[in-house]
Amino acid sequence: MNQIHSILKEYWGYDNFRPLQEDIIQSVLKGQDTLALLPTGGGKSICFQVPAMAQDGLCLVISPLIALMKDQVENLQKRGIPALAIYSGMSHREMDRELDNCIHGQYKFLYVSPERLHTELFKARAVQMKINLLAIDEAHCISQWGYDFRPEYLRIAEVREWLKAPVLALTASATQAVVDDIQVRLSFKERHVFRKSFERKNLHYLILQEENKLDRILQIVSKIKGSGVIYARNRRLCKDLAEYLYNHGHSVDFYHAGLDGAQRSRKQENWINGKTRIMVSTNAFGMGIDKPDVRFVIHYELPDSLEAYYQEAGRAGRDEKAAYCIALFRDQDKQDALRQWEQSYPPYEEVARVYTMLCNHLQIPLHSGAYASYDFDIAEFAKKNELKPSAAFQCLKVLEQESVLHLSDALHQPAKVHIKVDNTVMYDFELRNPKIAGFLKLLLRSYAGLFDQYVRVDEAFLARQLHHSVEEIKQVFMKLQEVGLVSYEPAKDKPQVVLLRPREDKVHYVQENQKELKHRAGIRLEAVFGYAENQHCRSQTILEYFNELDSPRCGQCDICQADQKEKKSEEAYRVLIQQALEKGHDTLKDLTSYAGYWHEEHLSEVLRHLIDEGLITLHPDQRITWNEGNA
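Numbering follows this note's numbering, with no gaps: position 345 of the sequence shown is 397.
Hints may be right or wrong, so weigh each one.
To be verified - Here are the simulated SDA-like cross-link-like pairs (lysine to any residue), alpha carbons at most 20 Å apart as the crow flies:
hint: 1; residue 1: Lys130; residue 2: Ser58
hint: 2; residue 1: Lys248; residue 2: Pro71
hint: 3; residue 1: Lys319; residue 2: Ala119
Please keep in mind that the hints were generated in silico from the structure rather than gathered at the bench.
Throw the hints in and build the complete structure from the sequences for me.
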């Protein structure tokens, strides 16, 4: 057993790699810039985690999603692998300390959001680190042709000017234009692309034309057993759908980005562990979740790109067993989607006005505020400025697209403490302050590493042990910070907004990009309409979109199933026509009369096929005969 197989077995418990994983890992270990296209559930993270473990040094991982970074870090830590995530909301002190630990080899993986790469603090520390691999997750974000373009990804190439390590770019969905763009934008020295087919043979793709969507969903979840996800566009609809299914006897919950971190974690765990059968969610749910036994994914409305649909639908059937990907579609949905597309690109004047309002709301002076993290309640902001929350949100999303700011959901960030003095000073402080000596003893007994780094602490646990309130525990920590004994980061459980550049007087550059981005988004939306409305195999349509042009028909989507039923119907027609002719019913009128339930149009079509195949002959007098010797 070679080194990478030993690592796979020791830390992940697997005997073998999945298809293409080992090829990708070997490419990385040869020092080659590599692009890996693996469908959802294809095991992308192992492709950079294993080669990083096989080499000295640190793997720098760039990811756009804080929740995904935190999940991967926790997963690595559970396996005994030291990993760290740097993200918005951490204090300058804590970042400084942790980046220092990276320099000194205390971590094997460092996860950062792309906007952090260009801060002075990060650059000053990163050049001192021994980085063995630059892994870029969700690499399609670097391409303006992609469905989730993020301008801050464009600056990743600047890192390559001082970083000599190879690049591994990973994505679950990319068109050929995006594949080419990724390699150009990341300055690949040579092109090494590993592409696993996006075909998912166990998935049944269905489009259901349906006006009464609630009743149809109820029918589906009653018929298909097992766990599932229902995606809806807005939070209110998620809650209403969940209540409807619950009132009809189903185990169901709802999930969206507006819930606090503790609520989302609890709901997610209950679904993963099978306590909740069905999750109704916005697209905030599912990223990074490894649940193999999802039997169905239902889309109440179609998403705005086939890339997004493929990723979300692809969360079904990761155990390779049959699963159903069902999208409900009605004529009104098309108009709703076009209206949503228009609203997603508000006029520049409105975006600029909301930007000014935001800076004033956060009390940020001109040319200040870069990389500071602020608690942010969008409902409160909209109300204060007499804006519709939805309009304010769209303007803020445009500003986020253009790397002006970053919005994070309400992620729970536990309190963190680092003791700044040595043991001797601490002991002396205990002797001189007997009232809090018991608190300090409990703290040191309960948490290791406090003298070396920031450590997560559970304020509620400390409060229970000492029979105090959580607020009293917080006050003690703040007093200890005031006297210079500790650095203390209180727990956070609110959404955050971070300005990624100092406050500016004008943001004209936003206007330049939005027109082109809107045009490309429109093209992607038209592809979704084509998927829903054409009569072509659903799987083939998706695969052709991703440039897999020679894929076979799946035989199990709604289109293929309908074709097979029609073929079976035609076989039945042939038998009945032969029987009718043998009994002397040898004209179209006679045949129609013989089997009165047939539609004459369908009967004529089958007769034409039989004539073309030479099975029957139509005589000048319009009589029909079956040709002898034909079965």
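task = Report the numbers of all earlier hints that the structure fails to satisfy, in ascending order.
result = Of the numbered hints, all hold.
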